[in-house]
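S.K.: The residues making up each chain are set out below.
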Amino acid sequence: MKKTLPKYYPLIPVFAAYLIMFLVGFSIPGMWQMVALLAFYCALGQSWNIFMGMTGYVDFGYVTFIALGTYGMSLGITYLSQYEWLGIGIIVIGFILALFLASLSALLEAFIALRLRGAYFAIACIGINEGLRYLIEGAKFWGGSEGLIFFGALVQALGRETVNQLTTFWADFSVFIIAALAAFLNMHYMRSKIGYALTAVREDEDAAKVMGINANKYKTIAFLTSGWLGAAVGAMAWGLKLGYVYPGDVFVIHYTVECIVVVLLGGAGTLLGPVIGGLIYGLSKYWLAVIMPGFQLLIFAPIIIIIIVVAPEGVVGLLKSKLKGTKLEMFIE
Amino acid sequence: MKKNYLRVLIFMTIFGLLFAANAFAAPPSKLVIGHPACLSGKYAKAGEQAIGGVKACIDWVNNVYGGILVGGKRVPLEYKYYDCESKKEGVTSLIERLITVDKVNVVFSAYSSGLTLAGAPVAERYSMLYMDHGGASDRIFQQGFQYIVQTIGPGSKYHVGTLSMIDHFDPEAKKVALAYEDSEFARMTMGGAEKHAKKLGKKIVFKRTYPKGVTDLTPLLSDMKARKPDIVVGGGHYEDGQLFARQMSDLDINVKALSLVASATLPAYYKALGGGIAEGVMGPSHWEYGVTFSPDGAMKVGLDWIGPGQDEFVSLFKKALGKDMIPDYHAAEAGAQVLAYVKAVENIGSVDQFKVRAALGKLKFMSFYGGWDVDDTGMQIGHSMVDMQWQNGKRVIVWPLEAATGNLIYPKPKF
Amino acid sequence: MIFQLLVGNLTHGLLLGGVYGVATMGLSLIFGVINVVNVGHGQFIMVGAFVALTMFTALGLSPVIAIPVALVLGMALGFFFFYTVMRRLIKAPELTSLLATFAMGILLEEIAKLIFGADFRGYNWAVGKITLPITTIPMSKVYAFVGSIVIALFLYFWFSKTRLGTAMRAVIEDNEGARVCGVNVGWIYALSFAIGIGLTVMSGVLLTMFIPVGINPYMGGRYTLKAFVIAVLGGLTSPYGAFFAGLIFGLIENGAYTLFAQIPGVAPFPLTVSLAFWMLFFLLLVKPTGLLGK
Amino acid sequence: MALLKLENVTKRFGGLVAVDKVSLEIQPGEFIGIVGPNGSGKTTLFNVINGVYRPEEGKVIFDGKDITRMPAFKRTPLGLGRTFQIPRPFGSASVRENVAIGAMFGTLADKVTVDNALEIADRYINMVGLEAYRDKAAGTLTPVEKKLMEIARALAMRPKLLLMDEAMAGMNPKDIDGMVKFIKRIKEEEKIAIVSMVEHIMRAVAGLAERVVVMNQGAKLVDAKTEEALTDPRVVEVYLGHPADESKWRSDVWKEVRNKDE
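First to last, the protein sequences are chains A, B, C and D.
Using the working numbering, the first residue of the first sequence is number 1, and each one after it goes up by one.
Using the working numbering, the first residue of the second sequence is number 1001, and each one after it goes up by one.
Using the working numbering, the first residue of the third sequence is number 2001, and each one after it goes up by one.
Using the working numbering, the first residue of the fourth sequence is number 3001, and each one after it goes up by one.
Next up, chain A with everything else stripped away, as it sits in the complex (with noise of 0.2 Å):
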């Protein structure tokens, strides 16, 4: 009785959903900013849960690459915007640029996650993120404390439409293509030796080292992953989308709350649960803003409470025993 899962499978109702998604904001006018934001929120869970799905690491200063990509798209276009030849390269050079310091801080966290576990690593990315904010506007490089606003450069770069089009729609599609490739990625590791490596550090560091497990190459490998990913929806999603960045208002923990909050409704360490996550925490949050504006926090915090005690597997964890033994299981991951 051999039973290969069709490998893929999983991504199909991933796609499904971020598919559909997109149709509805681009078809249905006035809902294009509001699945920019539940791509947002997905985008970021599913960026995050490669990192702790895989490792079981918690980042809790994952925001700190969220910032570093909106800086590195910020410099980017503040410091070339004045080249007109460049065009709409500096994106792109702001794109790398949000990449690379990103990879910088993920060797950083990597190296210290390599000697930290639990609470200390959580504790200590906090440590960098808060750091590395009141550095900048202590040392005051990057704009310090002031910090970078620069649509009137991009304007006076790219022109007045192709602006309002990169900062309305393009930015926000590609956090869609960003939340696409971090479910495939996370997918294809999952289901390569990087996953099977990675269960094996998770559940027995030494005893994976003794099985012929690098465990510092596979760990370095999902949070260079998942900070890359972090960094591109920063680049996008704050920086290109909104033309400005402080340092008070991108290295701020709660971020990373909010990814903790939609992996865990969704499902931790899944691949379907930061997409339901996102989809249910920022529509509820959407509606509760125009329902009952200035009661979302006081509703939330005891529905996550309750969440975590009575249903700490998530949504997709309680659908996949749910469907346990049936056709459909294959395409939940």
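No lab work stands behind these hints, which were simulated from the structure alone.
Any given hint might turn out to be false.
Cross-link-like lysine to any residue pairs, in silico, SDA-like; alpha carbons within 25 Å at most [what the hints assert, rightly or not]:
| hint | chain 1 | residue 1 | chain 2 | residue 2 |
| --- | --- | --- | --- | --- |
| 1 | A | K322 | D | A3132 |
| 2 | A | K7 | A | K327 |
| 3 | C | K2113 | B | P1267 |
| 4 | C | K2091 | D | K3136 |
| 5 | B | K1256 | C | L2005 |
| 6 | B | K1394 | C | A2126 |
| 7 | A | K217 | D | L3108 |
| 8 | B | K1195 | B | D1373 |
Some but not every residue of chain A turned toward chain B, in silico, with C-beta under 10 Å [said to hold, decoys possible]:
| hint | residue |
| --- | --- |
| 9 | L104 |
| 10 | L107 |
| 11 | A110 |
| 12 | I149 |
| 13 | F150 |
| 14 | Q165 |
| 15 | T167 |
Some chain B residues flagged as far from chain A (calculated, every beta-carbon gap over 12 Å) [what the hints assert, rightly or not]:
| hint | residue |
| --- | --- |
| 16 | K1073 |
| 17 | G1119 |
| 18 | V1122 |
| 19 | I1204 |
| 20 | K1212 |
| 21 | T1292 |
| 22 | P1400 |
| 23 | A1403 |
The beta-carbon is built from N, C-alpha and C at its ideal position, and this holds for glycine as well.
Add chains B, C and D to chain A, keeping to what the hints say.
M.R.: Positioned in the frame of chain A, the structure of chains B, C and D alone reads:
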């Protein structure tokens, strides 16, 4: 080429539907103000005030004024607001909803320069009039936004009047200390204050910023004490302003004048610090309860007048929030912004975004909030600030002299 | 002049450090015993601040009386949260406990906002000042410091001389071992969580004695981050370590500002904050047992 | 040429000398039993061989290569497999995935794809007779099943030398017999060298090992053919007390096993 085609397609779908809705609609039966307000999160306090101010002025327009005259008939104003949680993601999605789903005629920005900037690209994209009553940074208006108009005065003006006033009463007070919060707004204020102080021939003996969310200013203030300033100007937000005066008192730093932006002008300030510390502290304000702008005053300077009188505004504000709360300048700015919109629409008899924006550009008027006038970029230049001082638990306006409700107590009483 | 400034600031730093120490002991105790980082730590401090404020403004009682009241209220809150939430999360991955404590913090904030509104409040407990040649110190700060020392000493004796205290220390040192030796670990968990929260709420009162203004529902977050740094300095699992680390942190915070202020072209205040976090980071890497650890 | 060669290996923990100048040679395909009482340095020796610890002195040479300073994960692909005294399965992963992990990162690491590895895993799962538990999470197995799974995982690495740490601790006599047969079969089929470490169950060693190394207090006491070693008076003295009284030390073993299981 293919890319262009896609772009056109996107435009067609989104704008086509919108445009169709606007073009074939009958003259509007109501005008809607949309607002991604800050009801929770870090700007909740200012957000509540703004909502009260907007509601109060809409109440006045609908029930006292009789509606806006547009297309030959008077139509009511409506107010649609959501909670952005003081966060940038909330702002963008809610503004789009306001524009496309609720079909609002104008969007008011969220509080703070950052959130105002966050919403600007979406408003621009939909060619939607975007009125800023909470983002005081001058830099917002250097980005080439076409649909943004400011009601709040630019940050750089806040302490200019204060310094002029002290110079007027005591030209010998030369040593100025600047200590501001490290926020966009406060830095603007600091820049303006520094420039003006130099112009007045003052000597800057101390100039420092402190981060948002600071819990202890002792080291900074000790340093400041050592420079023996005559005048201290600074502040930034609410709690740091309280902390500032409290710890100056703890360290026995007695100066001739102390003026703090934002926090010092609020009733909560005196309540929190008590008379021993708050007495004599000053604060610049866009508007204070007690400022006497009146239709007569407006006529004297040749400006149109619109809107409720001061006491009327305060009672409408209390009614709107259902609380016995005195409005502060956040409420007044937001309220005055409603009046500016009404005035501009009536001046041209149209609700077309572009035309209204142009009309706002030309508009000059006066309300309970004071003068209103913007430059080409949309930046507010017509509004001047007042300076208030705590005297026996009351806020007394001490500058400009023509608006003053009492005399300046100078030098400030010792802590 | 710089020397004088430095000494003056260090004096203030030392006094504040004592309060910081007590404000962190609860965090360390909870982490030590049930291995949960209380991300909602600062919000419990906020509760304490409101206790002091309400007692002073509504009942006219001095904050000194608010200290035991806050302890009792805090312990009640601790027991409540332990038996409703934390009990189920002790063996769970830290992901869930981090989020649960965070959610508790938000809940407290929003409830405080419902009750007290979002205004920034304060009270004025005027008990005089002492003027030294180097600086001026209000007596309320001195009382807060003395209060901190008393609490720290009390805890020290409680941990070393009483049965329950010893049991709690045993659980911190070696959970399994304590269980084998007949310690009722479940009860120790509950009690430590409650005492941890009680201490934290109580420290909120001490903090308002030090800084009696700016009290509002959202004031807690900034203290959480400070407490993290201090707890790490103290070795994260040790309440005494946390107390001494608090003293050290207070000194560093105030001293570093004065030194950074001598460098032209930088903003000393954010650099001081930054320094604290980099210190945390390197200490975790180099010596996770804390400055005073083995 | 010897497959594994230890030259004067010494490992200290503070003042304690856990392994004291041990030299040892193992030929390809050989089966060696290492016996010694608790604390005699056997597990430390294993940990030195596969890289969990670095020795303070001496050299570890595997397959002609000096691996003394090589990290553990690099040794495995050279052909060093290992099972643990207390099984260490990757609990949340299925039995099949556990064994596949062995195949993926063992000697075939560079050649094997994930799919190949899963196939290899199936083969060894069948060999140890765990087919029925293939998709079960490894953490839910019984201790004996875990042991079997570990052996399958170690075999899937296709090692040249397999280090078995107390493969039979915690088993009842029937299981031990089964295991002995099974290990014999492995040795013949896979043609690998096996070093099996045991504390008590001499009979099992006696039936399997060609050579026995007896350790005491970190040092090598005896290294000889099984027959000779077991009757060596030094061994009797330090280790067994009375060589004939097998039933007594068997019952001691059981006491220990029960304590562990509880």
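S.K.: Report holds if the minimum CB distance from P1400(B) to chain A is greater than 12 Å, and violated otherwise.
M.R.: holds (31 Å)
S.K.: Quick one, are K1394(B) and A2126(C) close enough, alpha carbons at most 25 Å?
M.R.: holds (21 Å)
S.K.: Can you verify the interface hint for A110(A): is its Cβ closer than 10 Å to any Cβ in chain B?
M.R.: violated (28 Å)
S.K.: Could you grab the alpha-carbon distance between K1195(B) and D1373(B) and see if it respects the 25 Å cut-off?
M.R.: holds (23 Å)
S.K.: Go through the hint on L104(A) and say holds or violated, using the shortest Cβ distance to chain B against 10 Å.
M.R.: Where the cut-off is 10 Å and the nearest Cβ of chain B is about 24 Å from L104(A), the hint is violated.
S.K.: Taking 12 Å as the cut and beta carbons as the points, is A1403(B) off the interface with chain A?
M.R.: holds (33 Å)
S.K.: Against chain A, does G1119(B) keep a CB gap of more than 12 Å to every residue?
M.R.: violated (9 Å)
S.K.: Checking hints one by one. Is L107(A) an interface residue toward chain B, by the C-beta closer than 10 Å rule?
M.R.: violated (28 Å)
S.K.: Would you say T1292(B) is clear of chain A, with no C-beta pair closer than or equal to 12 Å?
M.R.: The claim stands: T1292(B) keeps its Cβ more than 12 Å from every Cβ of chain A (closest is about 34 Å).
S.K.: Using Cβ atoms and 12 Å as the threshold, tell me whether I1204(B) really stays out of contact range of chain A.
M.R.: holds (18 Å)
S.K.: Checking the smallest CB distance to chain A, is K1212(B) really beyond 12 Å?
M.R.: Given that some Cβ of chain A is not farther than 12 Å from that of K1212(B), nearest at about 6 Å, it is violated.
S.K.: Does T167(A) pass the interface hint, meaning its C-beta sits closer than 10 Å to a C-beta of chain B?
M.R.: OK, holds: T167(A) within 10 Å of chain B, min 4 Å.
Comparing the model with each numbered hint stated earlier shows that hints 9, 10, 11, 17, 18 and 20 do not hold.
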